[in-house]
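Residue numbers (numbering that gives the first Met the number 0), protein chains in the order written: chain A, 0 to 266; chain B, 0 to 250.
Heads up, a few of these hints could be off.
Incomplete in silico selection of chain A near chain B, CB under 7 Å [as the list claims (entries may be wrong)]:
1) G57
2) K92
3) A94
4) V95
5) N96
6) M126
7) A129
8) H130
9) N136
10) L151
11) Y152
12) P182
13) T185
14) G233
15) G235
Treat the hints as calculated values from the structure; they're not laboratory data. Beta carbons: idealized from backbone N, C-alpha and C, even for Gly.
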Amino acid sequence: MPKIKTSALALFGIVSLASCLLLAQTQKPGEYPRGEKPSPMINFFVTSVPVGDGGNLGGLAGADAHCQMLATAVGAGHRIWHAYLSTQARPGKPAVNARDRIGTGPWYNFRGEIIAQDLAHLHGDTMELAHQGNNLNKLTGLTEKGQIVPGLYDYNDPRDGDWEYAKNTRFSSRHEMLTGTQPDGTAFTDSQDHTCDNWTSNKSPDPGKSGGNLNASDGRLNAQIGFPDRNGGGNGSWNSAHGTRGCAQADLPKTHGQGLFYCFATN
Amino acid sequence: MTRPRAYVVLVSTLMLASGLLLAQQAVPTSQYNTQGVTPPPGSNPTPAKMTFFVTSVGIGKGGNLGGLAGADAHCQALATAVGAGGHTWHAYLSTQARPGQPAVNARDRIGTGPWFNWSFAQLGAPQNALIAVDLADLHGDTLIQAQRGNNFFKQSARNEHGQVIHGIGDPPPIQHDILTGSNWDGRAYTDNADHTCNNWTSSSTGSAQVGHSDRIGNGSSWNSSNATKGCSQADLESTGGTGLFYCFAIN
């Protein structure tokens, strides 16, 4: 028997053992996957880091640039990336709907797993689709680096509510995605702020206006958020669960956010 | 040369087998609490106020629950064991129409809500204990309600001990297939196929509609995601369930 066959068999054994050991370990939220690169199909991700100035993203253009920069860093910069964000109507300036900014799908994540087939599937445009839901969940809502976004109960650290701590640890709870959007993917049409003044404000609400209420109230700066892990906030909506305590960077961690958002490639 | 070769084959097989064993060995949940499988520290259990839970164990006979009465009794017994027996408990299950016997809709069996899980205010926000405020919220009766969803998610859908149900990504056994026999609107199926393991009396032939307690998987509906392969306990386990079901207090 040729020696090569013997070593091939031994190699097989070692590889089997190694792969089984790998299987025994599970990727934890916030960890980077071991040596994996994004699927060539990736055209959806959650930003791994925020812009860092609260609700001031530099408008839609600044947010889009952030998406493009993060995508480029992992080799997906050949696509055109847009942030999933709405802006509200202003005098002489119509509203922009997040759903009109992200192409037509289908969208795939870091691992090439489907997020949604099309805009109707993503948003649940019919009763049937809405009940079925899209495929965005804790295990598919990955960052451009393939991280699971840490959410409720993943790690319990009271300092998660503090931006100074949270910005230095990738394990802090951070599952609130800025969207400024209604469940159907369109901009809000009421007179309250749901977009941190169209993604240009980093201000806290005036004293006495923050309360414990997460819904926008008169004159209060606020951003609507959703959860990629569908965990929390009264309904678990991926794009429109509740508001924030304000628009300063330090306001966002108070409710388990950091100012991350969704990026979709339009091509 | 046959002997060394056999030796190598044996060693490789052993390595493979031990590797597989390692991969399948259940890690103690206390060391594996990345999914909040056990109640989080500092949480404040209020079982007497609880009006919703997922059964911590099934009845063990596959789709045969002893009918609706048997399933209700299971809910009541589990609730009583943790001090929540002051409520009247019903299982969230539908049965299909039979000659002389009308269908029963799961949504018509569970009172009017609101329903709360095992613990209030674990995160300093009472809404995290709320499952749904009423039947329309629970089932998404309007398009906007359906798009937003109820507050039913992996970390809120706890069993009567406050534990999260193992879902996709957790150590096996995965138990996220929850028996409902119901359509997404909470009503019984009206076609001729079996969706209820013969109205919860079969542990062999038939099929049951299940929802996913973690809302992850083939369709993410909490009450109507897919059908089981059959009604035996082994059939349920082959697709990620152990015959658990939802219990709601009607008062």
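Here's how the hints hold up against the structure:
For the restraint placing G57 (chain A) at the interface with chain B, the shortest Cβ-Cβ distance is roughly 29 Å, beyond the 7 Å limit, so the hint is violated. Hint status for K92 (chain A) relative to chain B: violated, with the closest Cβ pair at about 26 Å, above 7 Å. For the restraint placing A94 (chain A) at the interface with chain B, the shortest Cβ-Cβ distance is roughly 18 Å, beyond the 7 Å limit, so the hint is violated. For V95 (chain A), the shortest C-beta to C-beta distance to chain B is roughly 20 Å, which exceeds 7 Å, and the interface hint is violated.
About 15 Å separates the beta-carbon of N96 (chain A) from the nearest beta-carbon of chain B, more than 7 Å, and the hint is not met. Among the interface hints, the one on M126 (chain A) holds; its C-beta lies about 6 Å from the nearest C-beta in chain B, closer than the 7 Å criterion. A hinted interface residue such as A129 (chain A) counts as satisfied when its beta carbon comes closer than 7 Å to some beta carbon of chain B; here the least separation is about 4 Å, so the hint holds. Hint status for H130 (chain A) relative to chain B: holds, with the closest Cβ pair at about 4 Å, below 7 Å.
Because the beta carbon of N136 (chain A) sits about 5 Å from the nearest beta carbon in chain B, less than 7 Å, this interface hint is met. Checking L151 (chain A) against chain B by beta carbon gives a least distance of about 5 Å; that is within 7 Å, so the hint holds. Annotation: interface hint on Y152 (chain A) holds; nearest CB of chain B at approximately 3 Å, less than 7 Å. Using the Cβ-Cβ criterion of 7 Å, the hint placing P182 (chain A) at the interface with chain B is satisfied: the shortest such distance is roughly 4 Å.
Because the smallest distance between the Cβ of T185 (chain A) and any Cβ of chain B comes to about 11 Å, over 7 Å, the interface hint for this residue is violated. The restraint placing G233 (chain A) at the interface with chain B holds, with a minimum CB-CB distance near 4 Å, inside the 7 Å limit. With its C-beta approaching chain B no nearer than about 4 Å, G235 (chain A) sits inside the 7 Å limit, and its interface hint holds.
Hint compliance for this structure: hints 1, 2, 3, 4, 5, 13 are not met, and every other hint is.
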